[in-house]
Amino acid sequence: MQNTHLNWKQFLNRPEISFDGDAIQRAFKGSRVLITGAGGCIGSALAKQCAKLPIESVALLDSSEKSIYDLDRDLIEIGSELPRTCIVGDICDQALLEETFAVSRPDVVFHAAACKHVPLMEKNPFTAARTNAVGTQRIAATAARHRVEQFILLSTDKAVEPTSIMGATKRIAELIVLANTSRTQMKAVRLGNVLGSSGSVVPLFLNQIANGGPVTVTHPDATRYFITLDESVSLLLSAVLDPQNAVLLITEPGEPRRIEELARFVIAKSSSEISIAFTELRPGDKLHEHMTSGREVTKSPRGILETVRSPAATENALRQTLQKITKSIHERDLEVLLQTICSIVPEYNPGAWLQSQAETLRRELR
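Final position of the sequence shown in this note's numbering is 1409; the numbers increase by one with none missing.
Worth double-checking, as some hints may not be accurate.
[Unchecked claim] Here are the simulated DMTMM-like pairs of lysine to aspartate or glutamate, each with C-alpha atoms no more than 20 Å apart in a straight line: (1) K1091 x D1273; (2) K1091 x D1136; (3) K1095 x D1117; (4) K1342 x E1295; (5) K1095 x D1063; (6) K1072 x D1133; (7) K1091 x E1141; (8) K1166 x D1376; (9) K1052 x E1390; (10) K1166 x E1402; (11) K1166 x E1304; (12) K1091 x D1113; (13) K1052 x D1273.
Note that these hints are calculated values from the structure, not bench results.
Produce the complete structure using the sequences and hints provided.
Put into C-alpha cells, the structure is as follows:
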C-alpha cells in the first residue's frame, strides 16, 4: 500500500481547505518561478502544480541529484512542456545562488528547502542550523538583491515554542521573513503535519506494516494538526495573493488529531491485523503541537489564510546572530550555537539530550 492509495479526506473528516483557482491562475500568468527543495514531497508537488499554471518558466533547485532527476522524469511523464531548469546544488552556495537568480530571473520564489526530521536533526544540529537558518538568510537576501517580487517560505508548526533544534531554526527562518524591509514581498506560511510527505510518520507506518508490525507511536496522547499534500500546495500558491510584506500566515486545519488515530487508520486501510506499540517521546518531540504561541495573535483571515502578529527581531540583530551561528558551525561549537539560537528565539529550550552533547563536546575540545 502506498500513500497515494490512502484517502486522507476520510481520516481528516473535515471540509477540504478550498482556494481561489482562478485568482491563482491570473496571479501566475507569465511569471518565472524558482522552487528550492524542489525534489522533496512538497517541492515536487508544487512543481507539478506549477506545470498546470500559465507561467513562463520554472527553476528547480535541490541538493539531491536523485530527487531532481525523479522530478524531471515525472514532469516528462505527465507531458509537461513547461520550460524548466533543473539545478543540483546547495542553498548555502552563494555563487550558485547568484548564478541561478541571474539566469532564471524569478518573479516568485518558493523556499521549501529545509531539514525536517526532528529526532535526526537533534543529532545533526549544525546541519539544521546551516540549512534552515543560514540557508534561508542567503536565499532571502539574494531574492531581495535581484528584486524578486515575492518570496514564500514554507514553515512549520514546530517553529511554535520550539523544543527541537529543527523547530528553533525554522523559527529563525520565520524571523528572517518578518524582518524584511526590502521591496520583495516576503511571507512565511506555517503548515501543520503534511500527511504522507517524507517528513511525516506515514511512510514509517507503511514500512512497519509491510514488515508485519508492530506500528510504533511515541505516546497514546500525542496530537498533531494534519493537512493533505494538495492542501499544503494550495496554501503556498494562495500566499501569493496576499498583498502584505514581512508577514506570517497560517490556516486552521481543523482540530488536532491523536497520532494513534492516524496509526489505526493506516492499519485499517492495509487490511492487516497489526498491533500498535507505544514507545516514548524522542529527543525534540512534543506531546502536542500548536499553530500559534501564547505570544502571537491572529487577525481576520484574508481568504483561506490568517495573518499572525508574531514577535519579530530587527534585521541588524538577525544579521549579528546569523554571523555567530555561521561561526559556531565552522568551529563545531555546539554550546555557542545553542546559546546564540536561544538569544534570538528565547522561547526555545534545548532538550536535555542536546545540552548533554554540548557539554560533552566542550569537555572533549578543551
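Hints, verified against the model:
Pair hint K1091 plus D1273 holds up; C-alpha atoms about 11 Å apart against a cutoff of 20 Å. Distance restraint check for K1091 and D1136: the Cα-Cα separation of roughly 26 Å exceeds the 20 Å cut-off, and the hinted pair is therefore not satisfied. Proposed proximity of K1095 and D1117 is supported: the alpha carbons are some 14 Å apart, at most 20 Å. Proposed proximity of K1342 and E1295 is supported: the alpha carbons are some 12 Å apart, at most 20 Å.
Taking the CA atoms of K1095 and D1063, the gap is near 15 Å; set against the 20 Å cutoff, the hint holds. Distance check on the hinted pair: K1072 and D1133 sit about 29 Å apart at the alpha-carbon level, beyond 20 Å; violated. Distance check on the hinted pair: K1091 and E1141 sit about 25 Å apart at the alpha-carbon level, beyond 20 Å; violated. For the given pair, K1166 sits about 14 Å from D1376 by alpha-carbon distance, which is consistent with the 20 Å threshold.
Between K1052 and E1390 the alpha-carbon distance is near 34 Å, which puts this suggested pair outside the 20 Å criterion. Distance check on the hinted pair: K1166 and E1402 sit about 14 Å apart at the alpha-carbon level, within 20 Å; holds. Distance restraint check for K1166 and E1304: the Cα-Cα separation of roughly 28 Å exceeds the 20 Å cut-off, and the hinted pair is therefore not satisfied. Taking the CA atoms of K1091 and D1113, the gap is about 12 Å. The hint holds against a cut of 20 Å.
Restraint check: the Cα-Cα separation between K1052 and D1273 comes to about 11 Å, which is no more than 20 Å; the hinted pair holds.
Violated hints, in rising order: 2, 6, 7, 9 and 11; the structure is consistent with all others.
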